[in-house]
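Engineer: From first to last, the protein sequence lines stand for chains B and V.
Counting in this note's numbering, the first sequence runs from -4 upward without gaps.
Counting in this note's numbering, the second sequence runs from 995 upward without gaps.
Simulated from the structure, these hints should not be mistaken for lab results.
Note that the structure is a prediction, hence the values are computed from the model and not measured.
We put the CB at the ideal spot given by N, CA and C, even for glycine.
Keep in mind that the hints are not guaranteed to be accurate.
If you anchor each label on the Cβ, the simulated ranges turn out as follows [unchecked claim]:
hint, chain 1, residue 1, chain 2, residue 2, range
1, B, P10, V, S1034, 54 to 62 Å
2, V, T1075, B, E272, 43 to 51 Å
3, B, V248, V, R1032, 29 to 37 Å
4, B, A226, V, S1034, 29 to 37 Å
5, B, R53, V, R1000, 54 to 62 Å
6, B, T302, V, R1000, 39 to 47 Å
7, V, T1075, B, A25, 44 to 52 Å
8, V, D1020, B, A276, 20 to 28 Å
9, V, R1032, B, P167, 26 to 34 Å
10, B, E156, V, S1031, 17 to 25 Å
11, B, R89, V, E1024, 52 to 60 Å
12, B, L303, V, T1009, 48 to 56 Å
13, B, D138, V, T1075, 47 to 55 Å
14, V, G1073, B, E56, 24 to 32 Å
Here's the letter readout for the chains.
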Amino acid sequence: MARYDSLLDACGGTPLVGLPRLSPVVPEGAPPVRLWAKLEDRNPTGSVKDRAALFMVRAAEESGRLRPGDTILEPTSGNTGISLAMVAKLRGYRLVCVMPENVSTERVQLLRMYGAEIIFSPAAGGSNQAVATAKQISAEHPDWVMLFQYGNEANARAHYETTGPELLRDLPSVTHFVAGLGTTGTLMGTGRYLREKVEGIEIVAAEPRYGELVYGLRNIDEGYVPELYDATVLTRRFSVGTRDAVLRTRQLVEVEGLFVGFSTGAVLHAALAVAHEAVKAGRRADVAFVVADAGWKYLSTGAYGGTLSDAEEALEGQLWA
Amino acid sequence: MAIEVRIPTILRNYTGNAKVVEGSGDTLSELLSDLDSRHSGLRGRLVTEEGGLHRFVNVYVNDEDVRFLGALDTKLSDGDTVTILPAVAGGAFGFAAAAAILGNRL
Chain B
-4 MARYDSLLDA
6 CGGTPLVGLP
16 RLSPVVPEGA
26 PPVRLWAKLE
36 DRNPTGSVKD
46 RAALFMVRAA
56 EESGRLRPGD
66 TILEPTSGNT
76 GISLAMVAKL
86 RGYRLVCVMP
96 ENVSTERVQL
106 LRMYGAEIIF
116 SPAAGGSNQA
126 VATAKQISAE
136 HPDWVMLFQY
146 GNEANARAHY
156 ETTGPELLRD
166 LPSVTHFVAG
176 LGTTGTLMGT
186 GRYLREKVEG
196 IEIVAAEPRY
206 GELVYGLRNI
216 DEGYVPELYD
226 ATVLTRRFSV
236 GTRDAVLRTR
246 QLVEVEGLFV
256 GFSTGAVLHA
266 ALAVAHEAVK
276 AGRRADVAFV
286 VADAGWKYLS
296 TGAYGGTLSD
306 AEEALEGQLW
316 A
Chain V
995 MAIEVRIPTI
1005 LRNYTGNAKV
1015 VEGSGDTLSE
1025 LLSDLDSRHS
1035 GLRGRLVTEE
1045 GGLHRFVNVY
1055 VNDEDVRFLG
1065 ALDTKLSDGD
1075 TVTILPAVAG
1085 GAFGFAAAAA
1095 ILGNRL
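Extracted from the complex, chain B is given alone in its bound form (with noise of 0.2 Å):
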């Protein structure tokens, strides 16, 4: 069916497509290897977080955090914020973002299209100065509503809700599930279904691996580990440089007409390590990856023409995932 009420009805149900020519060659008579790519940029405003979204909202709706007329905080770097300005548009509340102001310009309008207000905190100043604007804020509106994406349960119930189970229906034979590792919603919601049916599947982590810049941290003390995050759900965890991130987000395009955002690119990078390692042992595998949004935003980057080092240096210093 693919008639729906309204906007916010349309979540989720994205397609699996299958990579048949990004797919590693096996050697004839071996069990074949195969990639899919779970589209999450078909989501109502183009991104994964569409889901999370909505259900944050929705629980704090049903636990009577949120009233209308509400005014929602959010920190965030770019699409929880996208998402959440439109459901906070359709389901009546204000938004408020503060994020860094090394994002792309898209993400900027597009929030401001959305209808929610932005505060810019310094990038110079790395995740401490973002800190020091959060608290300020925080401390000025103490009535402003923050659903904390890092450590809501909602978020990660999202994916155990529903693109757990759009998995599994659509790719029973599944083998191994890759995806971002951001505020680890994806994985852990998604991973924990997966676990729960399907004997022996590998849970792969892909995380960007950024500038130093990104990295401003006094001390090795001052580490952040999101409280969604459960190690015990993962199988394996990848850091992906931003040179192999653009070199795959290139070839997704280049080779199977699939017009990603970078955080895909790392995906990918992780998903084919694990394909290859399976066509070397002679295994079976059906590797589903998450495409959390398309490239639209980050053309500004400039990051999809030219070589990779000078792709690599367009990037340095931003959050392109």
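Knowing the structure of chain B, use the given hints to seat chain V on it.
Structural biologist: This is chain V only, laid out in the frame that chain B set:
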């Protein structure tokens, strides 16, 4: 046996500001001890007194997180690249800021 080790900015005070250093060892634990013999104090920043990896440190061998490979017992071979990074959520900004606000409210 040479293993390339990438050092994050915040730990370069132990390596004379070197971004990359070389070390040797059959396991990650041996490598960190070897590094500590030339960069005194480095191991103590990565390994807790109980002998585990520090919670806010991530170590990768050839881009894979060692916590899923055997942690400090992870086997190493010649030509491997070890990357040390502070644990920061993807979308580091959002998390840092969000955690700060929550902390402020509690």
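Engineer: Each of the hints needs a verdict: does it hold here or not?
Structural biologist: Against the structure, the hints come out as follows:
no., hint, in the structure
1, B/P10 <-> V/S1034: 54 to 62 Å, "holds, 56 Å"
2, V/T1075 <-> B/E272: 43 to 51 Å, "violated, 18 Å"
3, B/V248 <-> V/R1032: 29 to 37 Å, "violated, 46 Å"
4, B/A226 <-> V/S1034: 29 to 37 Å, "holds, 30 Å"
5, B/R53 <-> V/R1000: 54 to 62 Å, "violated, 43 Å"
6, B/T302 <-> V/R1000: 39 to 47 Å, "violated, 23 Å"
7, V/T1075 <-> B/A25: 44 to 52 Å, "violated, 30 Å"
8, V/D1020 <-> B/A276: 20 to 28 Å, "holds, 24 Å"
9, V/R1032 <-> B/P167: 26 to 34 Å, "violated, 53 Å"
10, B/E156 <-> V/S1031: 17 to 25 Å, "violated, 52 Å"
11, B/R89 <-> V/E1024: 52 to 60 Å, "holds, 56 Å"
12, B/L303 <-> V/T1009: 48 to 56 Å, "violated, 28 Å"
13, B/D138 <-> V/T1075: 47 to 55 Å, "holds, 49 Å"
14, V/G1073 <-> B/E56: 24 to 32 Å, "violated, 55 Å"
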